[in-house]
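**Student:** One letter stands for each residue in the lines below.
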Amino acid sequence: MQDAENVAVPEAAEERAEPGQQQPAAEPPPDEGCCGPRGPALRRRQGQRPLVRRWRSRRPGRSRRARPRESGLGTSAPTAGAQAASEDAGGNEGSAAEAEPRALENGDADEPSFSDPEDFVDDVSEEELLGDVLKDRPQEADGIDSVIVVDNVPQVGPDRLEKLKNVIHKIFSKFGKITNDFYPEEDGKTKGYIFLEYASPAHAVDAVKNADGYKLDKQHTFRVNLFTDFDKYMTISDEWDIPEKQPFKDLGNLRYWLEEAECRDQYSVIFESGDRTSIFWNDVKDPVSIEERARWTETYVRWSPKGTYLATFHQRGIALWGGEKFKQIQRFSHQGVQLIDFSPCERYLVTFSPLMDTQDDPQAIIIWDILTGHKKRGFHCESSAHWPIFKWSHDGKFFARMTLDTLSIYETPSMGLLDKKSLKISGIKDFSWSPGGNIIAFWVPEDKDIPARVTLMQLPTRQEIRVRNLFNVVDCKLHWQKNGDYLCVKVDRTPKGTQGVVTNFEIFRMREKQVPVDVVEMKETIIAFAWEPNGSKFAVLHGEAPRISVSFYHVKNNGKIELIMWIVTREMFDKQQANTIFWSPQGQFVVLAGLRSMNGALAFVDTSDCTVMNIAEHYMASDVEWDPTGRYVVTSVSWWSHKVDNAYWLWTFQGRLLQKNNKDRFCQLLWRPRPPTLLSQEQIKQIKKDLKKYSKIFEQKDRLSQSKASKELVERRRTMMEDFRKYRKMAQELYMEQKNERLELRGGVDTDELDSNVDDWEEETIEFFVTEEIIPLGNQE
Amino acid sequence: MKPILLQGHERSITQIKYNREGDLLFTVAKDPIVNVWYSVNGERLGTYMGHTGAVWCVDADWDTKHVLTGSADNSCRLWDCETGKQLALLKTNSAVRTCGFDFGGNIIMFSTDKQMGYQCFVSFFDLRDPSQIDNNEPYMKIPCNDSKITSAVWGPLGECIIAGHESGELNQYSAKLFDSTTLEHQKTFRTERPVNSAALSPNYDHVVLGGGQEAMDVTTTSTRIGKFEARFFHLAFEEEFGRVKGHFGPINSVAFHPDGKSYSSGGEDGYVRIHYFDPQYFEFEFEA
Numbered sequence: 114m115q116d117a118e119n120v121a122v123p124e125a126a127e128e129r130a131e132p133g134q135q136q137p138a139a140e141p142p143p144d145e146g147c148c149g150p151r152g153p154a155l156r157r158r159q160g161q162r163p164l165v166r167r168w169r170s171r172r173p174g175r176s177r178r179a180r181p182r183e184s185g186l187g188t189s190a191p192t193a194g195a196q197a198a199s200e201d202a203g204g205n206e207g208s209a210a211e212a213e214p215r216a217l218e219n220g221d222a223d224e225p226s227f228s229d230p231e232d233f234v235d236d237v238s239e240e241e242l243l244g245d246v247l248k249d250r251p252q253e254a255d256g257i258d259s260v261i262v263v264d265n266v267p268q269v270g271p272d273r274l275e276k277l278k279n280v281i282h283k284i285f286s287k288f289g290k291i292t293n294d295f296y297p298e299e300d301g302k303t304k305g306y307i308f309l310e311y312a313s314p315a316h317a318v319d320a321v322k323n324a325d326g327y328k329l330d331k332q333h334t335f336r337v338n339l340f341t342d343f344d345k346y347m348t349i350s351d352e353w354d355i356p357e358k359q360p361f362k363d364l365g366n367l368r369y370w371l372e373e374a375e376c377r378d379q380y381s382v383i384f385e386s387g388d389r390t391s392i393f394w395n396d397v398k399d400p401v402s403i404e405e406r407a408r409w410t411e412t413y414v415r416w417s418p419k420g421t422y423l424a425t426f427h428q429r430g431i432a433l434w435g436g437e438k439f440k441q442i443q444r445f446s447h448q449g450v451q452l453i454d455f456s457p458c459e460r461y462l463v464t465f466s467p468l469m470d471t472q473d474d475p476q477a478i479i480i481w482d483i484l485t486g487h488k489k490r491g492f493h494c495e496s497s498a499h500w501p502i503f504k505w506s507h508d509g510k511f512f513a514r515m516t517l518d519t520l521s522i523y524e525t526p527s528m529g530l531l532d533k534k535s536l537k538i539s540g541i542k543d544f545s546w547s548p549g550g551n552i553i554a555f556w557v558p559e560d561k562d563i564p565a566r567v568t569l570m571q572l573p574t575r576q577e578i579r580v581r582n583l584f585n586v587v588d589c590k591l592h593w594q595k596n597g598d599y600l601c602v603k604v605d606r607t608p609k610g611t612q613g614v615v616t617n618f619e620i621f622r623m624r625e626k627q628v629p630v631d632v633v634e635m636k637e638t639i640i641a642f643a644w645e646p647n648g649s650k651f652a653v654l655h656g657e658a659p660r661i662s663v664s665f666y667h668v669k670n671n672g673k674i675e676l677i678m679w680i681v682t683r684e685m686f687d688k689q690q691a692n693t694i695f696w697s698p699q700g701q702f703v704v705l706a707g708l709r710s711m712n713g714a715l716a717f718v719d720t721s722d723c724t725v726m727n728i729a730e731h732y733m734a735s736d737v738e739w740d741p742t743g744r745y746v747v748t749s750v751s752w753w754s755h756k757v758d759n760a761y762w763l764w765t766f767q768g769r770l771l772q773k774n775n776k777d778r779f780c781q782l783l784w785r786p787r788p789p790t791l792l793s794q795e796q797i798k799q800i801k802k803d804l805k806k807y808s809k810i811f812e813q814k815d816r817l818s819q820s821k822a823s824k825e826l827v828e829r830r831r832t833m834m835e836d837f838r839k840y841r842k843m844a845q846e847l848y849m850e851q852k853n854e855r856l857e858l859r860g861g862v863d864t865d866e867l868d869s870n871v872d873d874w875e876e877e878t879i880e881f882f883v884t885e886e887i888i889p890l891g892n893q894e
Numbered sequence: 561m562k563p564i565l566l567q568g569h570e571r572s573i574t575q576i577k578y579n580r581e582g583d584l585l586f587t588v589a590k591d592p593i594v595n596v597w598y599s600v601n602g603e604r605l606g607t608y609m610g611h612t613g614a615v616w617c618v619d620a621d622w623d624t625k626h627v628l629t630g631s632a633d634n635s636c637r638l639w640d641c642e643t644g645k646q647l648a649l650l651k652t653n654s655a656v657r658t659c660g661f662d663f664g665g666n667i668i669m670f671s672t673d674k675q676m677g678y679q680c681f682v683s684f685f686d687l688r689d690p691s692q693i694d695n696n697e698p699y700m701k702i703p704c705n706d707s708k709i710t711s712a713v714w715g716p717l718g719e720c721i722i723a724g725h726e727s728g729e730l731n732q733y734s735a736k737l738f739d740s741t742t743l744e745h746q747k748t749f750r751t752e753r754p755v756n757s758a759a760l761s762p763n764y765d766h767v768v769l770g771g772g773q774e775a776m777d778v779t780t781t782s783t784r785i786g787k788f789e790a791r792f793f794h795l796a797f798e799e800e801f802g803r804v805k806g807h808f809g810p811i812n813s814v815a816f817h818p819d820g821k822s823y824s825s826g827g828e829d830g831y832v833r834i835h836y837f838d839p840q841y842f843e844f845e846f847e848a
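Chains A and B supply the protein sequences, listed in that same order.
Numbering-wise, our numbering comes out as the position in the first sequence, counting from 1, plus 113.
Numbering-wise, our numbering comes out as the position in the second sequence, counting from 1, plus 560.
Do not rely on the hints blindly, as some may be mistaken.
To be verified - Partial list, computed: chain B residues near chain A (C-beta under 8 Å):
hint	residue
1	W622
2	E752
3	F797
4	F801
To be verified - Mimicking DSS-like on lysine-lysine, the simulated pairs with C-alpha atoms at most 27 Å apart in a straight line are:
hint	chain 1	residue 1	chain 2	residue 2
5	A	K852	B	K577
6	A	K561	A	K609
7	A	K304	A	K322
8	B	K805	A	K756
9	B	K805	A	K776
10	A	K839	B	K821
11	A	K669	A	K603
12	A	K842	B	K747
13	B	K625	A	K852
14	A	K824	B	K747
15	A	K398	B	K787
16	B	K787	A	K776
17	B	K747	A	K773
18	A	K533	A	K488
19	B	K821	A	K852
20	A	K839	B	K747
21	A	K839	A	K398
22	A	K440	A	K419
23	A	K287	A	K322
24	A	K814	A	K824
25	B	K787	A	K773
26	B	K821	A	K842
27	B	K625	A	K756
28	A	K362	A	K419
29	A	K534	A	K489
30	A	K773	B	K805
31	B	K747	A	K398
32	B	K747	A	K776
33	A	K534	A	K510
34	A	K688	B	K805
35	A	K533	A	K287
36	A	K688	B	K747
37	A	K590	A	K504
38	A	K510	A	K488
39	A	K322	A	K278
40	A	K673	A	K603
Derived by calculation from the structure, the hints in this document are not laboratory data.
Note that the Cβ used here is the ideal one computed from N, Cα and C, for glycine as well.
From just these sequences and the hints, can you work out the full model?
**Tutor:** Structure, rendered in structure tokens:
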């Protein structure tokens, strides 16, 4: 290695030596004629020099520091100067190196000379050489980081100072060893603030974090700060710098789709096993494509709760799209993001990634501000949690998470804990926000003699508005009605003296005083439960696999809960079953579906007059999606659950099949949500009253578009038929031309028509033995 | 109308064919029996016994004197249609995949599989020259090196044959209609399952497609998902207007009766079904 270096250097150095000495400038002379090879040689040499240098400087017994001092030059010269200096040095170095191989060539056995020449100038800084070692060099500490300032300490005279010191010591030595304290005095009394010094800055930070706000007594609440913070806040200039105005980005009308004249809805479709994503207008005839992109997302997409944004997932993070052309609106960089959740107000985005989390920098869960794109706060992710880990209140003002024995409620926009404290609820199993107010419902299982209880808590006051005790509870599930009018707690119990689990529905009427509770007892196991979104009915699927029934209940104003409909699904479906309930977003109508293993049986039910409007089937359907207006339903077979017949079918709410859309490896269809209506209850009522008036207009429109559609179709067919006729005419002419050849080939027998050679026919009578049997085909009405 | 079920085979049907007048229906299957039926009521007229392996193909000449069959027992046989007597036995080196009479009924053609080291050949015999058959020497033999022929038919006047290859043009998922002289692609009929056979109606602008979930996957799927229906499309509009259920395996071969009033299908399930159309079929018309 040494040889190679040393051999390489000389030839370069030789060439370089002359101009280097004549012209110590950084640039080589431009005359290329006489020194052609110089360019590349120079470059090579420069590239090699640090290597040579490093090797030299490690030589033992050489005082590197001594050199510059001898020559009287500083170690760190400015760039240009350094270059010039090194040119000089290089020249000399080269000549020195030049000598070495010669010595070797001569077969001289003497130790080669590794000495630097006399006037060698070392221009390598120490940081460059061993920066990694220097970094760990101990720093001189003045201890100022370990000092805290405590305010609101009682002002005492010398007589009680000792006692105060004792108390203070007791409180603050919890966080670490106090090495020094100082109680400033004035007129024989302490000033009300003190300084404490800890053994290490970490203790001081700990003390600030935990003792700030400590209540010593009624009058004295400690305010604890780091001493260094005072420095920091002192230097803040009195003048307020106006932050630079961010240029306004015109994103267009993000809600343009609501202004569509036909009031159509949009939906997103992922197909080709996720390679392509499309957005369509839903239309009775055929979906109208708005946008189609390849590899728009890497996994799946999500719409924001009010439909403003479309979120796509990427290895590097989340992107939000919107506006008429689906331009990118915002990006959130979160490596390996897997799950997201929007706040209901669309102001914040919560993202989760299993990568990236470190002890001191929580990054597993990040809350982002959607408008600015800034990270608001990161959180650690406790294991065994279910997404969404953070649940948002209906207005996005609060969000909460549950950990062992605690419920932590945070507020926006500060992202801090509400009242700086989590709620200690030992044994808390589950919680849920009311969708209609800032009320949280949670339940705690039985603990020895204390019964299980369901609690409703008002926030931010933390007032418990209702507590219900329950006995022998195995499990509870909280189901809110969409407006927050009712809460149903499904309670599985094992009453004493009975075998097996009994299920009760505890219905909380939230809008009434004292929140009255009614109980519906169910005798069978529950498969599914669902509230009517804008009403007071709920549907329950219950029973064991071959005999599953559906029951509809109505919660009346007087609190009575009435069973209004009960059907055995098997009878309704002709031997098929249902396992899921899908209410129309507007209520009243419901689709009962037997998804996946239940072969895709569908029942469309009207709960207002308790009729089954239609029974249908989408074989192997895996998903049912109502459009946000409750006019259409989509059933689909996703490639994610089933590999063949991937398609989505569009139905009316009454169960009339409108379209079958087969898409290659179709994965997912999501309707674009709509924001809540701006109409008041009265206005809605008025519209419902005048429905006849409107429906006439709509019917006329429908007829127009229908006749237009059929006209278009007929037109298309007509042109196709025209083309086909032309083609057939041509083929027929050709066929006729060949007639003679055909006749010749078949010995003059005309076989063009089945009966063209009828004269040649021989009549042959064949007798068949037929037995007749009359089988009546069931009872036909 | 209730279909006529022909239960004459023990294995899956490979091909079915009407004679020119349509009174007879020839069926062959992966068993060694060749059956001929009265198409009017499904009574079996007789069988042609002799093959010792699966029979891949069958054809009758225009005046229904002769029947030609090709089999995996490495032979192609010529039969007297009426008596069932074997007139000729043409030995080959590998299985016979397709066979056919030309328009005049004098020249026969058959193709052999690329198999056991032998390559795929198309052989031509002239029946008017008995020495060719006696010596088993075709007057013409076209080797086909690339990929084997899975299907071959004579051109309209016997001046050429059109062959479909294993790696061929015919898309598995969609039946395509080609102009027979220019071989230009005319129409595509889309289905979501493989198509094994297609036939044109002689007097309506209809095409029937037979197919379904591939036979090897059938055991893992129910009949409903397999889509073993015969599907009717309008020839010009490429629009589907009807389906006929019945088979419980994929349909391997479909054929229209020459009068267009019935059609037959032969399936992997071993059954041949003769369907006579209901009056609605003839009344149905696309709005155009």
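**Student:** Flag every earlier hint the structure violates by its number, smallest first.
**Tutor:** Checked against the structure, the hints that fail are numbers 4, 21, 27, 36, while the rest are satisfied.
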